[in-house]
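A.B. asks: From first to last, the protein sequence lines are chains A and B.
Taken in order, the first sequence gives residues 3 to 277; the numbers are from my numbering.
Taken in order, the second sequence gives residues 211 to 479; the numbers are from my numbering.
If you're looking for bench data, these hints aren't it; they were derived computationally from the structure.
This structure is a prediction, so every number in the text was calculated from the model and none was measured.
It is possible that some hints are incorrect.
Here are some, though not all, of the chain B residues that point toward chain A, as calculated from beta-carbon distances under 10 angstroms [as the list claims (entries may be wrong)]:
id, residue
1, PRO283
2, SER284
3, TRP287
4, PRO298
5, TRP299
6, LEU308
7, GLN342
8, SER343
9, GLY347
10, SER357
11, GLU361
12, LEU432
13, TRP434
A few chain B residues that don't get close to chain A, going by computed Cβ distances all over 10 angstroms [as the list claims (entries may be wrong)]:
id, residue
14, SER216
15, SER251
16, SER269
17, LYS293
18, GLY309
19, ASP313
20, LYS337
21, ASN340
22, GLN381
23, GLU427
24, ASP448
Keeping only pairs whose Cα atoms sit at most 30 angstroms apart, straight-line, the calculated BS3-like set for lysine-lysine is [claimed, not checked]:
id, chain 1, residue 1, chain 2, residue 2
25, B, LYS286, B, LYS317
26, B, LYS286, A, LYS270
27, A, LYS270, B, LYS336
Backbone N, C-alpha and C fix where the C-beta goes; we use that ideal spot for every residue, glycine too.
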Amino acid sequence: MSTSNTQSFAMTNVVPNMPQLFGWLKSLQYPALGIACLLALWWVGGYMIENDPDLSAFSAFAPAPTFSALADLVRSGEVWEPIGSSLYRILAGLVWGIVIGVPVGVVVGYFATALKVTNVPFQFLRMISPLAWMPIAVLGFDSWDSAIIFLIVMATVWPIIFSTAHGVRRIDPNWFKVARNLGASGFQMLHRIILPAIMTDVMAGIRLAVGVAWVVLVPAEYLGVTSGLGYAINDARDTLAYDYLAAVVLVIGVIGYCLDTICSVLIKRFNWHVE
Amino acid sequence: MGASISLDFITHRFSSSAEPTLKDIENRIEPSELVALIGRSGCGKSTLLHMMAGLLIPSEGCVRINSHQVAKPSAKWNMMFQKASLYPWMSVKENAALGLLFDGVPKAEAEERVDTLLDMVGLSDKKNANVQSLSGGQQQRVALARSLATEPEVLLLDEPFSALDAFTRTQLQEEVPNICRERGITMVIVTHDIDEAVAMADRVLIMSQNPGRIVGEQKVDLPWPRRHMDTGFQTMRDELMQQFKGTDTGLAGRKAVDSDESDVAESAA
Chain A
3 MSTSNTQSFA MTNVVPNMPQ LFGWLKSLQY PALGIACLLA LWWVGGYMIE NDPDLSAFSA
63 FAPAPTFSAL ADLVRSGEVW EPIGSSLYRI LAGLVWGIVI GVPVGVVVGY FATALKVTNV
123 PFQFLRMISP LAWMPIAVLG FDSWDSAIIF LIVMATVWPI IFSTAHGVRR IDPNWFKVAR
183 NLGASGFQML HRIILPAIMT DVMAGIRLAV GVAWVVLVPA EYLGVTSGLG YAINDARDTL
243 AYDYLAAVVL VIGVIGYCLD TICSVLIKRF NWHVE
Chain B
211 MGASISLDFI THRFSSSAEP TLKDIENRIE PSELVALIGR SGCGKSTLLH MMAGLLIPSE
271 GCVRINSHQV AKPSAKWNMM FQKASLYPWM SVKENAALGL LFDGVPKAEA EERVDTLLDM
331 VGLSDKKNAN VQSLSGGQQQ RVALARSLAT EPEVLLLDEP FSALDAFTRT QLQEEVPNIC
391 RERGITMVIV THDIDEAVAM ADRVLIMSQN PGRIVGEQKV DLPWPRRHMD TGFQTMRDEL
451 MQQFKGTDTG LAGRKAVDSD ESDVAESAA
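One chain only, chain A, in its complex shape:
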């Protein structure tokens, strides 16, 4: 009896998973095709460079040398230190971006006057490339690390402010009325109503911010610092190690993709809309 139970349990566990597995594999076919196209283009580009006498010095950019350099970097463990430095800077910049951006966004979204006052200055500041702040950052901060984190903050804070404010503006006014009617204090209104209501928008802002920050980080790391993925690229260029340079570019792309995926998973997690 117990045996048959165990068998049927095992069967029910395995059998329904097969279609699931096929479904999952099937869902990968289009991304796989996209990646294959990219690799093919890369390979063709590498082939052309290799066969052009003027450019053949750069032939290490091709896929084969790149992947072999990447394997070297991973095997020797050299890849982790720049990744760690870059992720630390992104994270610190992002945390400050959230700490500043969410409260400012709530105020701008909640008070119509605050929006009117801040709209022009914020739109103006938003359009300035974060990298343009570099000279000021260098003057204002005593370490290169802090200066880079400042640049990341300047990149992340705008999408977070605008997205948060947008979220606050579209809160159903009845939600405020009902909460007030139930005796909510100002803090309770913020903690129980406003923040959960805007969480999806805040996360969407963070996702945009991560994208911009990751793009800004690499050029920011060209300057001053002696760690991070941007520095690794610069270093590889100076030593003419183009295969290593391409491997670092690959690492940057993969990490960027992972960060974006984490954000989109978090957006789904905080989304209370019924799909």
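Dock chain B against chain A, hints included.
C.D. replies: Positioned in the frame of chain A, the structure of chain B alone reads:
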């Protein structure tokens, strides 16, 4: 347990230069009384209800609940709106317990109270459901449980059933006054439906518009539960209709006073 409500010479203007929306409103609602406010759209009945809830302060005069002047909202005088306005990131249970959470009631006690109330409104099997999966009637029942959870002395209803289907509406028109009578809660309902007023109230106040004034009232001396088909019900409805026509020349031969007053409710908020 119910509280008395005094409307002390209330006059209200939405801007200082404008004609008053409400003028010289004076009335007293006894503890545990069930009162309906009827009037045409825009007569200010919803505005008056918002004042009882403390969501709006009159330009002149005041509302007193148990002789205390109402200056702000409180879970002790609770309002139910036309829309249930539940919070979609909270479960049914969490929505119903929200007033208790704000009030700092210990979690275990809150859960026990809410459990009983959800059983009472017929949602015992939906306690952990997502509120977005509920029908309009079920959502309004959650809103009812939410309003009752804080054990209010006064329950204010702003056309709370007007968006529901006829069957659910009739059910709730029977259930809500029953609950208020059992618990001794003072109830004030704003409605444009004379049948609803007769079905739910001990006394009906009739309001005129421009400016909003209480121009008549009618005792509803019918036994509970009230059935729309009973002769007494129909006689009462006709009497009320006659009285309404007498006070409002612009409404010859219409049963319902008028539809939605949400524009007033919005500006009052």
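A.B. asks: Work down the list of hints and note, for each, if the structure agrees.
C.D. replies: Going through the hints against the structure:
1. PRO283: At 5 angstroms from the nearest chain A Cβ, PRO283/B passes the 10 angstroms test, so the hint holds.
2. SER284: Hint on SER284/B: holds, closest Cβ of chain A at ~6 angstroms, below 10 angstroms.
3. TRP287: Interface hint status for TRP287/B: holds (9 angstroms vs cutoff 10 angstroms).
4. PRO298: 5 angstroms, holds
5. TRP299: 4 angstroms, holds
6. LEU308: Since chain A brings a Cβ to about 6 angstroms from LEU308/B, closer than 10 angstroms, the hint holds.
7. GLN342: 4 angstroms, holds
8. SER343: Holds - the Cβ of SER343/B comes within 10 angstroms of chain A, reaching about 7 angstroms at its closest.
9. GLY347: 18 angstroms, violated
10. SER357: 8 angstroms, holds
11. GLU361: 12 angstroms, violated
12. LEU432: 31 angstroms, violated
13. TRP434: 28 angstroms, violated
14. SER216: It holds; SER216/B is separated from chain A by about 20 angstroms at its closest Cβ, greater than 10 angstroms.
15. SER251: With a cut-off of 10 angstroms, SER251/B remains clear of chain A, as the shortest Cβ separation is near 19 angstroms.
16. SER269: 20 angstroms, holds
17. LYS293: 6 angstroms, violated
18. GLY309: GLY309/B not clear of chain A: closest Cβ-Cβ about 4 angstroms, inside 10 angstroms.
19. ASP313: Given a closest Cβ separation of 6 angstroms, the condition is violated.
20. LYS337: 18 angstroms, holds
21. ASN340: Since the minimum Cβ distance to chain A is about 7 angstroms, ASN340/B lies within 10 angstroms and the statement is violated.
22. GLN381: The claim stands: GLN381/B keeps its Cβ more than 10 angstroms from every Cβ of chain A (closest is about 23 angstroms).
23. GLU427: 27 angstroms, holds
24. ASP448: Check passes; 36 angstroms lies beyond 10 angstroms.
25. LYS286/B x LYS317/B: 19 angstroms, holds
26. LYS286/B x LYS270/A: Given pair LYS286/B, LYS270/A is violated - Cα atoms ~38 angstroms apart, limit 30 angstroms.
27. LYS270/A x LYS336/B: Status holds; Cα separation ~24 angstroms.
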